[in-house]
Structures are given as C-alpha cells and as structure tokens.
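Chemist: Line order of the protein sequences matches chains B and A.
Read in my numbering, the first sequence has 206 at position 206, and its numbers run on one by one without any break.
Read in my numbering, the second sequence has 1605 at position 605, and its numbers run on one by one without any break.
Hint data in this document are derived by calculation from the structure and do not stem from the laboratory.
Ideal Cβ placement from N, Cα and C applies to all residues, glycine included.
Only true hints are included.
Straight-line alpha carbon distances no greater than 16 Å define the calculated EDC-like cross-link-like pairs of lysine to aspartate or glutamate that follow:
1) 1149/A <-> 1214/A
2) 1554/A <-> 1439/A
3) 1696/A <-> 1439/A
4) 114/B <-> 1638/A
5) 152/B <-> 131/B
6) 124/B <-> 1617/A
7) 114/B <-> 147/B
8) 1600/A <-> 1687/A
9) 1149/A <-> 67/B
10) 1263/A <-> 1187/A
11) 1347/A <-> 1379/A
12) 114/B <-> 1617/A
13) 1335/A <-> 1362/A
14) 1332/A <-> 1003/A
15) 114/B <-> 1639/A
16) 1609/A <-> 67/B
Cβ pair distances, simulated, as ranges:
17) 127/B <-> 1662/A: 21 to 31 Å
18) 1221/A <-> 63/B: 17 to 27 Å
19) 1251/A <-> 203/B: 40 to 50 Å
20) 157/B <-> 1182/A: 51 to 61 Å
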Amino acid sequence: MEIQELNDLSPLRVFEESLGGGLGRGNLGVLVSRHGVGKTACLVHLATDKLLRGEHVIHVSFSGNVEHVINWYKEVFREVSDGRSLSDAASVYNNILSNRVVMNFSQENVTIDKVLSSLETLIKHGSFKADAILFDGYKLTVATEDDVRRIKEFSESMNLEVWFSVSPVRADVVYDKYGVPNTMQKYTNLIDVLIGLIYNEERDKVVMTAVKTHEGMVEKPMGVSLDPKTMLISK
Amino acid sequence: MADLQNLRNIGISAHIDSGKTTLSERILYYCNKIHEIHEVRGKDGVGATMDSMELERERGITIASAATNVTWKGTEINVIDTPGHVDFTIEVERSLRVLDGAVLVLCSVGGVQSQSITVDRQMKRYHVPRIAFINKCDRTGANPYRVKKQLVDKLGLNAVLMQIPIGLEERLEGVVDLVSMKALYFDAGPNMDQIREAEIPAELLAEAQAKREELLDGVSMCSDELMEAMLEDNVTEELLSKAIREATIRLELVPVLMGSAYKNKGIQALLDAVVSYLPNPTEVVNRALDLDKNEEEVILQSNDELPPVILAFKLEDGQYGQLTYIRVYQGKVKKGDELYNTRSRKKFRVGRLIRMHSAAMEDLTEAGCGEIAALFGIECASGDTFCDPKLNYSLSSMFVPNPVISLAIKPVDKKAADNMGKALNRFTKEDPTFRTFVDPESNQTIIQGMGELHLEVYVERMKREYKAEVEVGQPEVAYREAITQRADFNYTHKKQTGGSGQYARIAGYIEPLPDPAEGEELKEYEYVDEVKGGSIPTEYIPSCDKGFQTAVKKGSQLGFPVIGVKAVVNDGAWHPVDSSDQAFQTAALGAFREAFEKAKPVILEPIMKVEVVAPNEFQGSVFASINQRRGLIISSTEDNAMCTVLAEVPLSEMFGYSTVLRSLTQGKGEFTMEIGKYGRVPTSVSEQLKKDYQEKRRKEQK
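Bound-form chain A, shown alone (with noise of 0.2 Å):
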C-alpha cells in the first residue's frame, strides 16, 4: 500500500433490521463491486452478497463479519459487516478492535435501540470515532431529528446533523448538504443512481441555514481555529471540513447524515463522508504488549519498514478452505515470509494471501501496513498475534464474557459424532464466547453460549454445513452458588491407620465477600492466610489456597461453582512425618464444604437485562409477561406509537420468549437481552432446583 492516507477500516454497526447488510450491499454496488443489487430477503433467492452464509441468508441476519475491500474515489475501503443481534456480541467487540472508524446505522423511526446503546458503548472503549447514518428515512413515521436528539440525550454523543432531508417518508427526494449548502438528489444518470447536485429548494432554505448555524455552532466547540474564522466571517468549505474531521477522530463530534439504502438515497454522500471524517490508519494510535517485557505497552508504528505485527482476528471455514482474516498493525506481510504466532509459540510460513471481496477473493504478493486480508491454512485460533520472529508482541487481549447458557447434544450417528467434534474444534476456535467440554459425571458434550439464539445458530450450522445431526438437550442455565453469612471451621483430616498416614488440621472461617460496587464485577474467590507461630508450616500455606479453590469450583447445592466467598485460615496442626500437601488440600476441601452448609448458601442465576420494543397498544400484555416471569420492569418509555421496556429478567425464565413475544404482539415486539449480573434464586425456586439436581445425581449413579 503506497498510500495509508487512501485507506479507511470501517465497519458497520447496528440493531438488528435497521438495514446494515442493505447499506453494505449498497456501498459494493456505488463501488462497482457488484453489478446489481439483490435484497436481503429478496424474493429472487440470492441474497445480499455480504451474507455468506446460507443460514444467515435464511433468517435475514448477518452471524460472521465478512471484510470486503471497495474503492471510493480513489481510496480503498475495507468494510468490516458485523453482525446485528446481542447474542453475537464477541464477534461485534472481535471486529471494532481491528477497526479505525465506523458508521452507527440507526433506523429513522426505530431511533436509538438497546442494541445501538450497547454497540456505542463498545466503540468507546475501543476508541472508534464513528459517524451516523439515520437509515430508512423513506419509512412512514420517519424522523431524522428525533433520532439525531436520541444520540445526544440517550448516548450522550456531540451529534451535528450534517444534512437535512429533502421531503420525508415516501416523498423522500434527496438531502441537503450543510456543508456544501447544496441539495444533493440522488437520480441522475441512466440507472437513476448518480448523483446530481442543485440549489436548495427555497421552502427549505431557512431551515437549511438554522441547521448550518447549528452544525458551525456544534462544530466550532471543538476547534479554536473554526471559532475565530466564525468570528471574521471567514468560513471556509475545507476549513469546516477538516475541523469536523479533527475533533470527529478526537471522539469529539459525531457527524449525522441520512438517507435510504433501500431507495438508493444518501449512499454516496456517507462515502464521502466516510473519506472525509473517519481516520486513515497512521490517524489511529495502536498498541502492542510486549511479553518479553512483563507485558510492557508498546506503541506500534504504521511504518511498512518495521517487522510486522499482526492480529488475526477472525476464522472462516469456507468453501476454500479454512480463511484467516487478518490486520497489520506495524511492517508488511508477503508471501513466504516467516512469521510467529506469540500464542501457540510456533512458527509458520506464509503460503497465499489473499483478500476478500465476500464470497469472491484476489490474490496479493503483499499486505502493507493497516491492510485488511486473508491468508489460507494456518493453523490459529481468532485472537492470536503473529509478529516477525525476533518480537514477541501480544495485541492486547480481548475482553471475553462468560457463557451464560449452555445446552447438551447428542450425535443422531457415528458418522455424525464425528462430523460434531470437527464442527466444534473449528467453532470454538472461531468465537471465545462459544466453548464445549464433555461433562465427566453425565458423559455428556456440553455446549456453552450468551443465549439460546446464540447455541441454536451453531446447532444449525453444524447440521448445514458439517451434516452433523444431534439431538438438543434442554438449555441449562449457568448457575452460581454463594454464601450469605459468615461461618467458622475447624477440621482434620486423619488418616493412621499403618503405613505412611495423612494428618492436617486447619481452622479458619469463610465469609461473603462484600457485594461489587455498581459496574464492577463480583470477585469469585479470595484466599487470606492469618495462621502464626507456625501452626501450619509456610509450606502448606499454598495447599489450603488450593484445597479451597477445588472446593469453590463445585458447591455442593447444584454442583456449580461458588463465587464471592473469602477464606480465612488463622490455625491448625500438623505432623512431621504424615502431614503433606496432599493431605493439607483435602483438609481444606473438607474444612470447605463442612463450613459451607453452615454459611446458608444460596443460589445466584444470571439476570438478564431485557428490552422490549412494540407497539403501545401491547403495553399491558408486555408488562403482564414480564411479571409471569418473575421479571422487574426498571422502566417503559412511551414515545409516539411504540413503547420501549426495560426490565430485569431470569435468564432460566427466558426460554422461548421470543414465540411468546411474537404471539403477544402479533409479531409487532422484538426484544434483546444481554446478561446484566448474578442475581439470588428465591427459596421456593431453588428448592425445586435443589431436588432436581439430587434426582439427577441418582439417575446417573445408577
């Protein structure tokens, strides 16, 4: 890459349905990507091009983030589509790390969504400047400025309206550019999909100058240099320009633009748009940890010079092949260069490079600094760095939440068994969020996820395309257990009978830990070591840290993992000759579990944090399901035609709420959920639990 100055990596976030996949298949149609334009669920079978996947061609939702490369007017393009539902979250956060700007797809009646204030919240912490694009203006009920105010009150963003739209709704003409002052129609040219540009129409006008006056106005807050042109009356269209450009990398401004993907309106304005404001790489700040160094930051250098480090940052088992996706971060990659992957700690060679336009690809000698591409057959997992060999440099890890629902399958088949295990090597490889592991006690595989959407999608994939048919469990929720008051131990663990024996004594008491300040998360286990004058020797200090944290993986009400729970150790008593460390962590575990029961332990379920969208008239039944299903409605706002409720919900209690919804609603309601926190169980729900897990326990030992 000559020039990194010609380079955006933006991807396209969004709630679901707000039109992301119609704006990115789009971009590739403005870009000469693609010759015509199918729709999303087109009625002609193919589909959008971006959505790879059959499945997501089905269900009319984008799962895995395909990078395409499209040129704009002389600058290339990678777009990065990333899914739009919660259940797929990683594969949201996994895109923005590699990312240096985006576009935040609102839908002009929808506005500002659950999905929206979560995706936001993620380009923060990833520093993403972003510009919006409010979609769909061609909708009944369309309304740019309401949207544009919700970025400002709900996501407490410095939205500027960039443009304002000429007509609404199905009289939806064209926008007005404030910066240019000039109306842009988008019908020129023998396929209608050129753009012409024209005089503000003149009942227009006067809004077109008070919006002006509010973008400079919005604007110059951020740039000193802006304010004194204002001052002299010297407002310059490049001056405006690069001042929005500056303080919309400095996060400070969110650029508002608008149109309609499906009617072809305002596409080429955001590209624009996209050129002039979001970064090109050298623009963005990158850092690296070095491992040799004690994990020390580095800051990596966009410098096709320097030895190259790179993140791959998605997986892809194609109908090529098995598809790395890669960014480079600092240097150059070429074909047969050696690189090191600083995870796994080995090397490899690099055979083809390639780079994907969706489901057709280029072959490459070389991918410069800030580069989106792909490279065929290395054996990774997502996540992993690869450097030049003489470094050791890790991106820095990527926050990964813990799976919240899991669900046990079974092979129909041998065949299928097989074909299952290759499913799942190749998916927990693809996404940290997803794991399975086969449980010890039932002979079970276990999958584990962030929602029933989330396992039911990799149940299907396995069927389509692995042919791996399996029989689904019941979803099971991940339960925690916890203790809610202090409680003293005292226990020895005594084996003399001849022979070398087992003696330890320790005493102590566990306690809860206090509960997690609002947005910090609840510890899981703290060890505190109070014995003196040597009751127990130094040496087996460490076995009671590790007697107990056996002990807090299993707790003995539901046999899953207790957290919050301090252990004090202040005495004991011990042999020279039978005391071990063997000896001393059984001590512990027993000394555990005997303090445990007396502790009233209680059962903590993951609470969901719920939203609910539909029309005002469902209002009733909306809040009626929510309370059968021991849920807490935190609020319900009421805007226009439609109503929003957010509300806490018991993931157990969450089981096919979206036939539920859809049913209630006469499929008007949709809803998001992510997990929220851990929440205890009331008594007469985890009695049944309880029962359960003993009945089951009897059937398996049996």
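For reference, chain B alone in the conformation it holds in the complex (with noise of 0.2 Å):
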C-alpha cells in the first residue's frame, strides 16, 4: 500500500472527524487518562501520522531516556506500516525521522519558560519548521493556569498544534465516568480539545471520549477506541 492510502484509511481520520475536522493550529488538545491506560502509544500514534502526511513534529518529554521514545516510535511505526503492509516502509520510516526532534528534559521541576525557550531555540536556530508539538508526561495538573495560558499563546505565536499526554500526579484525584480528574476543570476554558481515556471493562477497550470539542462541552464517544494489544487508536 502507497502513504496516500494508507492515510486515508487511518482511523486517525475518524478521530479527527468526530473533533471537526482536527484539532488545528493555536490550539491545545488534552488527552487524559489513569496511569497505564495507553496514552504515549496514543500520543505517538497521533505524531507518526502526523509525521506519513509529511509534517514537522517535536516530541517533548521528561522522562531522562530518549532511547525510549524513539523505541515508541519505532514500534508504532512498524504497527502501522505493517498493519496495512506499507511498501518500502524502511525508506519511509527513514524520510519522515528527519522531521521528527526528541526533546527531553530530564531536570526535575524545569519551568515552563524554560521549556518554551528550548523549543523556541530548536524552532528558530534548529531552523526547525514545527507544524505540532507533543507534551508526553507533563505535569499539567499541577501547572498554574499562567503556565497553560504562556503555552497556549505559544501555539498562536508559533502557529502550531499543541497536544498533551496528561496523568494526575495526586492520588486523591477524582475521576468522572470518562476518565476526566476533577484537577483538570481549572484550565478547561483554555483547552480547546479535551479526550477522556477510560478502560470499558464490558467492550474490554479503552473507550476514548471527546469532552470538549471546538463546539464546547459536548461529551460525545468519538468512534474510535485503543486497540487492546497495540494499545494504538482504532475503529
């Protein structure tokens, strides 16, 4: 199968269907969820198909490995390209890496102006054209609603879309029927799309649920759910 096709059988293009039409740039999406539930395979899936429509994508972590998440790459790669049997997916897998930065910080406690600058730095004198930027791991829970509003202007400034992988850092938190921590309200008026991840014990799947969309506070089910086994987003 050619990248064209592959593309368009992704079922990232129902996820983007059911947000209307993506998530789109100068705008933050969330998505949110328990631990272990299948977020980064989740955020790596959105970034690789990102990265087969030949777009330029940063990848921010704060884990101290970057081993790691290239290996997460890699694996989402291969499930992908080898789920629909992608010809010469080694050439390919090579060409869409060149647009593809790990930035990892590794200090406990970095700012978010910090964080910022850094990927102002790659943008700028990396001569690095971003069209997305992935947060895997942030703490945005405990961010002050300050820092979700510097990173969101940033997205405007930069013109890119911002999508965030989200776990609560509390054990107290409370999480609603979607999967959403009660921790999260405090910025929701500066996310423009919020997705909930909860396991369905019945569907035995992890269930994904658009809270917020574009349109507002609408908690529709968004016809897609993480394939158990690659924990990748699937019809």
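Combine the two chains into a complex, taking the hints into account.
Modeler: Structural data, given as structure tokens:
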C-alpha cells in the first residue's frame, strides 16, 4: 500500500472527524487518563500520523531517556506499516525521521518558560519548522493557569498544534465516568479539545470520549478506541 | 602462575575526561608500583605513568593501551588502560577481548555520556562483567545518585549502589560501605593515604539503611540463596558478597562504587571490589575456532598442562624495540618454546618474555594461563593467534569497521619518505582500522581511518617517533555510489577482426537491494544467475560475476565503490571459438556501466552520529551549527546545567568542527562522533562533487 492510501484509511481520520476536523493550529489538545491506560502510545500514534502526512513534529518528554521515546516511535510505526503492508517501509521510516525531534527535559521542576524557550530555540536556530508539539507526561495538573496560558500563546504565535498527555500526580484525584480527573477543571476554558480515556470492562477496550471539542462541552463518544493489544487508536 | 583464583585481568573504560588515567595512576600508587603521583596534565612535566607516549602526555589523552601488572592484597591484577575517544574504538574493542572484567568509570557530574554508551555496548558484545566507579565526586555538581539512575535508564543495567558518599563536592570525606555497613575514610597513616574504618555518621544512618535495603532487593533478584536468607533475616556479609560476585559475573548486576581518584578517595575500596566481584580467568569461557575443522568452535581450558593458545592483542614499537602484548588463554608459554602463528602459518621461537609496568619491565621465564605478558621481536600483526605447532586454532576474528575518512600525505624529502614507509608499516600492523595505500591514479600515498583526530594522531606520531615530516592534503570522505531503480542491459562485447577474437553477449538487469532493517548493514553486492537453456555456458557464469565485481569496485560518478546492487543475468550468447572467460568478464563490465547510467545513480556519504554536550545557554548555537552542516537533530536533552544534543551529520561537514564548537561555546562544549550509516547526498552537493571529480581526472590525465 502507498502512503497516501494508508493515510486515507487511517483510523486517525475518524478521530479527526469526531473533533470536527482535527485540533488545528494555535490550539491545545489534551489526552487524559489514569496511569497505564496507553496515553503515550496514543500520542505517538498521533505524531506518527502527522509525520506520515509530511508534517514536522517535536516530541517533548520528561523521562530522561530519549532512547525509550525513539523506541516508541519505532514500535508504533512498525504496527502501522505492518498492519497495512506499507510498501518500502524502511525508507519511508528513514524519511519521516528527519521531521521529528525529541526534546527531553530531565531536570526536576523545569519551568514552562525554560521549555518554551528551548522549543523556540530549536524552531528558530535549528530551523525546524514544527507543525505540532506533543508533550508527553507534562504535569499539567500541577501547572498554574498562567503556565497553560503561556503554552496557548506560544502555540498561537508559532502557529502550531499542541497536544498533551496528562496523568494526575496526586493520589486523591477523582475521575468522572469519561476518565477525566477533577484537577483538570481549572483549565478547561483554555483547552480546545479534551479527550478522556477510560477502560471499559464490558467492551474490553479503552474508550475515547471527546469531553470538550471546538463546539464546547459536548461529551460524545469518538467512534475510535484503543486497540487492547497495541494501544493504538483503532476503529 | 600457581593460583588462577588470584588473578584478575581488568580494563578501565570510560568517557574522555572522566579521569580514567588518573584512576589508573592511583591504582599503581596504592599497589606500590609507583612512589609518587603525577597528574595527567601535571605542572611537573612528568605526566601520569600510564600514558607512555609523549603525544598522549601533551594532549592529556590516552591513545595506546598499555598493560600493567599490579598486586593488591595478594591478588595479581593486570590493568589494561584503554583509550577514551571514539576515534580509537578499535583499541578499546581489542582490549575488551582480552579482559575478564572491567571498571566503567563515570564522571559524577557528566554521568552517562555517549562514549559510555558505546563502551557499554562493546562490553555487552564481548560479555565483559563490569563494575561502575563514579569518579570526581569532589567536583561541583556531583550527584552519584543521578549517575546510578542513568546507568539503569540509559544503559539498561541492573546497577546497584554498593556505597553512598559521606559529603559531596568539596566536602567529600569518604563513603559508607553498604555491604559491611561501615564508614570508610581515606586519610589514615602518615601520608594520609591509608583507609580508616569507622561507624556510620548518625545523620547518614537512616539513608544508609534505606540504600542497603535497595542493595539487598537488587541483589536478591539474582540470587535465590540470598532471597531465602533475607526471609529468614539471616544475611551475612559473606553471603551478600558471594551473591554480588556471582550475579556480576553472570552479567546480571553492576555494582556501583564511588569516590574521587584525584582526591585519593575510594580507590582501595574499588580495588577490593575488583578482587571480590570481578571474575578470575577460570570463570570466563573463552572460545577459539579450529581452522582444521572448518572453524568449529572449541572451548579453551584454563589449564597449564594443555598445549598453549595465545592471542597477540597489541603491538608496540617502543624504546625497547618491538613488543607484542599477548594473553595466554590455554597452556603456558616458556622462553625457547616453539609457537605457530596461525594467520601467517609461520613457526617461531619465543625469545625474551617480559611483563610490563607502563614503561618499565620485568623479565619472566614463563607465562601461564590467563596471564598477560609481552614478547620481543616477533613478526606478527595484532589480532594474530599463536598456538602450539600441533594446533591450528584462531581466536575469533574481531569486528573491524571500515574506514570513513582518507587523507593524502606527501613526505617532504627523501629521508622522510623512507621513514614514512617504516611508520606506515608499523601503524597498519598495530591498528586494523588504520589503512594505507598508494592511489594508482594520482600516485599519492593515502591513509585511511575512523576520523579526523585518528589520522591527525598518526601524522603526529610519524613526525615524533619516526622523524617523517609529511605534507597533509585535504581530508576526503569515503563516499559510496548506489543505484535507485532497476535498469536492463543487453551488451555485446565483440572483437573479431582477424586472429583469435573475443565474443560475449549478456543480458539481464541490475536493481537496488532493499534497504536493510534497523541495525543491519546494507549488502554490497549480490549476483543472481537466471540463465536458461545454456545461452551462456555454465563455465562462463562465474566470469560474469567476476566482471560485475570489478565494475562495482569503482562507480562512474566519483570512482567510489558501488554498494547495494543486485545483478541478474538471464540471457546471452556465445561463440564456440571466440568466447572466453576474459570476454565474458569484459562484457559484464560493459553491461554494468551501461545499465548503471540508466539506473539513476546517486552518491552516498557517511553520516555520523554526533553527540554534542554544552552548557544550556549555548543550546541555540549548537542547534544552529548542526543545522548549517546539513545535520539532523534527533534529540536534545536538558539536564540541569548541560544540554546534550544528538544529531546525524554528514562526515564531510564535520571537518574542523572541534574548533568551531570550541569558539561557539567558549571552550565549554565537546562532542563525540561515530559512523552511523550511509545516506544519500543531496543533488546540489553531488553535482559539485562530480564536477570536482571530473576536474581532478582531467588534471591527472594531462
């Protein structure tokens, strides 16, 4: 299969459709759930889809292990390309790699200013024309409203999409039926798209619900869920 | 050697500047091999004892690995000092082959850096058990806990702290040994160099206990015996030590020690750990290949009574003449013994047998199993195997990477030319990654190696050690050529004008081999014979193969080898009188040239994996410098004050980068690189390359 066809058939098209045409530049999107539900895989799948469509992506991680992140991409790409028997997969992979940069912050309590200034440095001095930035494991729930506003402004001024995966830090958070913790509420007004991931026992799948879209608080099921084996977005 | 239990062959491997040479120096000092301490970049001009080459002394880096024998509390330890720069990786790999265990030295501030990752990968390849030593705990910003975490995260090792520091940075006083639960200070005795045991300071007791729990947890994962003892609350120091030793030798555990070589802290404890946790020669399985039995694997026995099997792992042309460092794997070697070199198939007699201590030596009458010694005046190359004349074994061949850079050199006068010949002869024997040849077209002497610094060092050594002054040309990159699509050929080679003629016709196609999967190397060439019905007689099929092989050695764009091509022959014609081996070879050559042009040829260049480490404030300059060099930023990691940028940059753009980086970062940035893969040269660049090549050829033909 060729890339074009693979992109057309991707479950991500359904995903975007249920958000009314994707997230869009200058907007913030958030994937939220408990630990271990599969946010990283999901986020990397989002990024891989963008890469396959020729976009430039910066992956921001806070884990201290770049190798680990790179392996995620390798795995997700393998799942995506094997599933559709993409032709000439090895060279496609080598090509898309040049459109991805992993930025890793391993110091504790790094400030959002520092993160944004490093991103700006990369985009300007490194001449990397990013179309989207994905924050994996940013502790958005402990960020201040001001921090989130900065990120929002950054995404507008740089004209790019920003996705977050969020897991609550505190042990005492309460999750609603969509998997959204109550600590998220204070920023909902700054977030354009909020997606909750929760494991549904009956269907034995992680169900994705768009809690907030461009239309406002809608709470509608997305028509996609996470494949229990690969943790990727599937129909 | 009476008792192999009391012998350790260890190496010390690390990132450049993590203080490895200083550490080796201190080990010599504590084992009473030297009587005073010199600093690596000492003001007294003597330099550290292990760096025997003048050049190393001047640059403050270790190039050649000298083997040194020391004794610690009744155990003999052979210390092999290994170079710390990626450009000299072959030296590291060759030393690893002869080691039974290693100490991985890490800087408490810099932590796990690219070099440590490379070295660790090499150690895994050769199954070398290791212990880690976190050095420079006296430096500002020291954090051994973070480094230990990096060992786990970045290298995937089951690293377990054996000690915790008492104070850090300038307040570093000693360490708490978590096995014996004692505080160790290193300030006793008249010279302040003896160890002093004491109770754990009260303020550290809780932490020490917590870390001991971690230690027990980590070790018990690898030892059922310890696990049981823990459940019965009956853990003795001996049992714990034994469990650590066994797990370390099985490569399941990496004990982590710490200290400061510069401040003389923690060295004795490290030596104790080397003896306690690293294997003796009998605990390591060594294999050889039996050349008489189609390279069948043989396991060597650490037994002095058996016929000897010996590896020559290093040659050195020092002040005493030619020295060959050897490791005995089986049997023993005595003065006057006859040995057989299985590569050159020559017999020789053992003359003088010695043991080296850096630049001083001691004569031996024999060297037993597991020992490291040196022979005088043996004609051989490094990596050769010497056996008893009855055997024909080869110790497994070592992986040798292809050189990526070449440099034309020209002697300044007649005398220099003679000396240069001698020097090159010596260097190629010592270092398999260093190659040299005379280019038949330009008549220039070309040297090839693994990087700019690698070649620079050899040019310097030629000047200093052999008095061979040479002029150096521009460094040149080892390009490759490749095709991007299938192209058919149908080529007739005909020369039938009287006398015995030549006739051959071959038809088929060439196509690119598929991209290799991650971690595999691209196959250079594949030949497929699909001829049916005898249109080319069987006897000429290999001739076609030969002709193609000649053709791929030199592509028509830049004259570099063509790689990743599959040649398929499916039809042809022959003549009962005029066809010959030569005719088909020529036809294949012609066919390839014809098809090559149609197959959209491209030029490939070596792409280096580059890692730049610099203070955070220079991140932008580093990004920009990589970007200007057609580089691809893979990742950037920020870690308190420093940022580490990983990138892929074409080798041709990396010339002189060390100078550029130094000026960009006020001397605070450093970088390492190693060959990553071959990548396609962009059209704009390749057009220029082709133009230059044509120009050069025109000049040569004049």
